[in-house]
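Asker: Single-letter residue listing:
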Amino acid sequence: MSIVYQAVIPDQEVPFVLAAVDLDDGGSMLTQIVSMNPEDVTIGSKVQFNPTHLTDEFSLPTFGLVQ
Amino acid sequence: MALREVAVVGVHATEQAWKLQGRQAFDLTVEALDGALTDAGLQRSDLDGVALDWLGPGGVPGEASSWARVLGHDVAWTSDGYMDTSGVRGVLKGAAAIAAGLCEVVALGGAGVGARSTGTPVTPPRSEFTDVWGAYVLPLFGLVAARHMYEFGTTPEHLAAVAVTIRNLGYANPEAVMFGKAPISIEDVLESRMVSSPFHLLDCCIAAEGGAALILTSVERARDLQQPVVAILGGGMQASFGPYSNPALYRDIRMLGVTAAERALATAGMTIADIDVLSIYDANSFEVIRQLEILGVCSEGEGGPYIHDVGIGLESPLPVNLDGGCLSYAWSGTQQQTLKVIDIVRQLRGTAVHQVNNAQAGLATNAGTGAGHIEVAVLGKL
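As you go down the protein sequences, you meet chains A and B in turn. The first sequence maps to residues 1 to 67 in our numbering. The second sequence maps to residues 1 to 382 in our numbering.
Rather than coming from a laboratory, the hints here were simulated on the basis of the structure. Any given hint could turn out to be false.
[Stated by the list, open to error] Pair ranges (Cβ atoms, derived):
(1) B:Asp252 x A:Asp24: 16 to 22 Å
(2) B:Gln355 x A:Glu39: 44 to 50 Å
(3) A:Asp22 x B:Gly153: 17 to 23 Å
(4) A:Leu60 x B:Ala182: 41 to 47 Å
(5) A:Thr52 x B:Gly296: 42 to 48 Å
(6) B:Leu249 x A:Glu57: 28 to 34 Å
(7) B:Thr351 x A:Asn50: 57 to 63 Å
[Stated by the list, open to error] According to the in silico footprint, chain B covers these stretches of chain A (three or more CB under 8 Å from chain B):
(8) 20–33
(9) 50–60
Remember, predicted model here, so these are calculated numbers, not experimental data. Glycine residues also receive a C-beta, built at the ideal position from the N, C-alpha and C atoms.
Looking at chain B on its own, in the form it has when it is part of the complex (with noise of 0.2 Å):
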């Protein structure tokens, strides 16, 4: 079977929020399961592909084989791991699984809580040659973005105005942690504080609580259940460390993600020309720009220039995270990313929020520079 056999069947996304009251990451993540199987027309019973965060209490912390025990029976597949039950890699993973007969049918998803209440924000997993320098996620994602700015003039509002599109956007979308917040302009990311340069507040993403999951087999089988069928077209990832382990120096991870969004569009027979509607991974501003160079959206060094010129809105010729992103809709540690691949399976499907006209095909990608990775996804409507 190929990987554009597999079709994403099912997705739930729980009630994002700064603070759940009385949610617990297991309680959200039977929610999220639940939910993306309903979402399906599927039930526990059809599941035989796990993979799912399990925390415990019980079983065994980080090994998704945990499950069977609630399902109430046996499975013939799991993955657990930092990032193998969230977002594209999980997804292109579980996919994978589908296609070479290993398993029928994957539940990925999980969910996150707490990261406001512990103060730090999140760098996992400790990195002993990072930390001693007071360095962390968001500063290292500076350097990039700093360097950038210093070879090819990219400028603090060329950020903003990324800011301002993708936060504005969630701000508007009912299910984001800020809705109802004041629509924002490019002075009010320039006057907010600065955080980490070149990242004013408003240049980063939130941190909250949340979880999410989403179903995955067969075209086959798709076609028989009560979704439109939106199907896995091609996938690429790429990795030059492990994560925060070492400082991305921009000459070094200049090219990084150009190699995999060439596999995944290459697979799926497209160009950057047939995706109609983007979801990238959005740490910070900055982190878009970049993406849509490596994309080919635009050249190296062009991203600042195509945010004022072309714009990234529901108006432009190529959308970016129309759903609020990790800006402003949602971000709990990991499943983010899985909402990357959910926010493309909603335009798809033509549920979306902010909806494009008639989109076809979507790109999703999970990363980032700072964390020397990337992730991409193309996912297309049969």
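Next up, chain A with everything else stripped away, as it sits in the complex (with noise of 0.2 Å):
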């Protein structure tokens, strides 16, 4: 994983937490975890499928900690 402090897309906010996770039914992905305090994500938190709402068409498939 890394916090990001400095993003390339210009409505980004920063910071995230951009990581790969690994899935319990296999395989992994790129993704963001969505934190109150990207501090508190480290490699190997345990995290959960929590999708970022855009717009009523899209959604972001986005992770955040389990609590």
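Assembling the complex is the task here: the two chains are given apart, and the hints tell you how they should meet.
Answerer: Right under this line is the structure:
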């Protein structure tokens, strides 16, 4: 994972957490871990699917820390 | 003809700067081309192989045969594309063409401008499965660095030590973009702003403007020219995926480059112990640590302690990036890859700014980890 403090997408809020997550069902994917505090996210953190609503038609398949 | 019967006979690096006033990529490329030919003691009429960037105007953008009208004669061999007009990959392909008898004298090079004015870190080409997450070059390397730190205990201080050593060499290199900066310390690196963890600003390479070119021909012809003969003793390349199209996971890429390095050294009839100087792709400080591991300079996971215990500076057993590298000497898009080869050529000729004593063999790499590829060349003084 990497906590990204400088974005290249103009409207991207920073910091955000870029991470590769290993899925329980197998496989892995690049995603963002959405967290109130990025510093709470560490390698090995358990995460769960938690999509980010962008528009009525489109959500980004992001993840969040398991509480 | 074997690869080792091909030599680098001419090199030229243009001025490298944050912004070169009034310069375009095309005129920088022409300067680099003519400078390398002059350095070799050759003329445009001697050139029959072209691996030079062609952006236009005129000709066909991206097509190196467009150079024929500039040179004033037909060309026998061309190569173009993202990394085929620069660096180790370009050199190995050009050398292979000469060795195969397809042409006799190859020019390789190009130039880059505008990296800073666009405001966007470069990640060519665009990649739909990584761009959507806001990923770009630095965070994609960050994933790998973070995992390495997690698994092996590599520390931010280890990364910073790489940055300090190489940057300070560039600050003392009159040709460097960052020439004249005061030397920095590990604390300076750790206190610079975090860009994408674990990379602080000073862990990251520069983005600037400039060009470079080099000329290849047979060793036989090289012996009649004016420079000490520097031959390409071996080469190897290795790629796992299209650059930045997938996130590099450490567990998948941990051995990326090992085979390429083994091939390059085996072809040269050498081991890493025979190498006197390294010029390693240093887009960020961590990349140097990882490449020391895959080159066999130290074991996997031991790169951090190696930096601390042994070091990579001019007085170390195997110096790295004595010109200041991408961290502080130059970066202009793709030609910093060519500058890695030029760095080794100069070391072997004995004309480097920070010169290794009696360098006989050197190794240059382009990469890198986050981008899923590596290219390795071994060069030697004959």
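Asker: Holds or violated: 44 to 50 Å for the Cβ distance of Gln355 (chain B) and Glu39 (chain A)?
Answerer: This hint holds: roughly 45 Å between Cβ atoms.
Asker: Count residues of the segment 50–60 of chain A with a Cβ under 8 Å from any Cβ of chain B, then say if the count reaches three.
Answerer: violated (count 1)
Asker: Holds or violated: the 28 to 34 Å window for the beta-carbon distance between Leu249 (chain B) and Glu57 (chain A)?
Answerer: 31 Å, holds
Asker: Evaluate the given range 17 to 23 Å for the C-beta pair formed by Asp22 (chain A) and Gly153 (chain B).
Answerer: Hint holds: Cβ distance 22 Å, inside 17 to 23 Å.
Asker: In terms of beta carbon proximity below 8 Å, does the segment 20–33 of chain A have 3 or more residues touching chain B?
Answerer: Satisfied; 5 residues make the cut.
Asker: With 42 to 48 Å as the target window, see if Thr52 (chain A) and Gly296 (chain B) comply at their CB atoms.
Answerer: 44 Å, holds
Asker: Between Thr351 (chain B) and Asn50 (chain A), is the Cβ distance one that fits in 57 to 63 Å?
Answerer: For Asn50 (chain A) against Thr351 (chain B), whose Cβ atoms are near 58 Å apart, the range 57 to 63 Å holds.
Asker: Taking 41 to 47 Å as the stated bounds, is the beta-carbon spacing between Leu60 (chain A) and Ala182 (chain B) within them?
Answerer: About 44 Å separates the Cβ atoms of Leu60 (chain A) and Ala182 (chain B), which means 41 to 47 Å holds.
Asker: Using the C-beta atoms of Asp252 (chain B) and Asp24 (chain A), is the stated range 16 to 22 Å upheld?
Answerer: At 19 Å between Cβs, range holds.
In terms of the numbered hints stated before, the structure departs from hint 9 and from no other.
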